[in-house]
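2 protein chains.
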Amino acid sequence: MAEFTNVTISTKANIYFEGKVTSRTVVFQDGTRKTLGIMLPGEYEFSTSQKEEMDIQAGVLEYKLQGQEWKTIENSGVFYVPANESFSLKVHSVVDYCCSYFSEE
Amino acid sequence: MAEFTNVTISTKANIYFEGKVTSRTVVFQDGTRKTLGIMLPGEYEFSTSQKEEMDIQAGVLEYKLQGQEWKTIENSGVFYVPANESFSLKVHSVVDYCCSYFSEE
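In the order they appear, the protein sequences are chains A and B. When you read off a place in the first sequence, starting at 1, and then add 70, the result is the number in the numbering used here. When you read off a place in the second sequence, starting at 1, and then add 70, the result is the number in the numbering used here.
Be careful, since some hints might not be right.
Copies of the same chain are indistinguishable here, so a pair counts whether it falls within one copy or spans any two.
Lysine to aspartate or glutamate pairs mimicking DMTMM-like chemistry, simulated, CA-CA at most 25 Å apart [as the list claims (entries may be wrong)]: (1) Lys82 <-> Asp100; (2) Lys82 <-> Glu132; (3) Lys134 <-> Glu155; (4) Lys121 <-> Glu139; (5) Lys82 <-> Glu144; (6) Lys121 <-> Glu144.
Source of the hints: derived by calculation from the structure; they are not laboratory data.
Let's have the full structure, built from the sequences with the hints guiding it.
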């Protein structure tokens, strides 16, 4: 099982959509940040302030980036969202994800 | 905000009750383990293999230990469950918790 070592984790959860989407923030020694999260079935819209990598570790979802078609990820897959953009999700089963944040545009 | 530093966190979530209860395992440098978790409204029964401390950081729930009455925790509070015992929960709002495990009985 993959793990992150020598990290700092805040004990307070990030809670969205009445708990249907929750995550924990993990900060690495180099100052970079990831969130480890869970999404329950449902439809959600998010927006980014930084470029994001969404690494789906388990579960089935469809995602739609601005100006693109819906695409499906089943159980593992990665997609990227540019900074300052919104994206839509249709989550079909419990999704376990890891989101990474990049300061470059 | 409280945080845990120099810890190891597994990237794979612990998922129970179809995602209504989920957690992440955090291992400390001394080898001890905690889980940071979320519980959505519902009724659950758990059982322990080690003595557990349930530290409720947010949310409202009632808990019932074997042979005891139901007790309520609102937004913050701690209860202990002996090893090898089951306990019941009635979760009334999204609960953010930290569970610690003790090897002594």
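Hint by hint, where does the structure go against what was stated? Just the numbers, ascending. Violated hints: none at all, because every hint is consistent with the structure.
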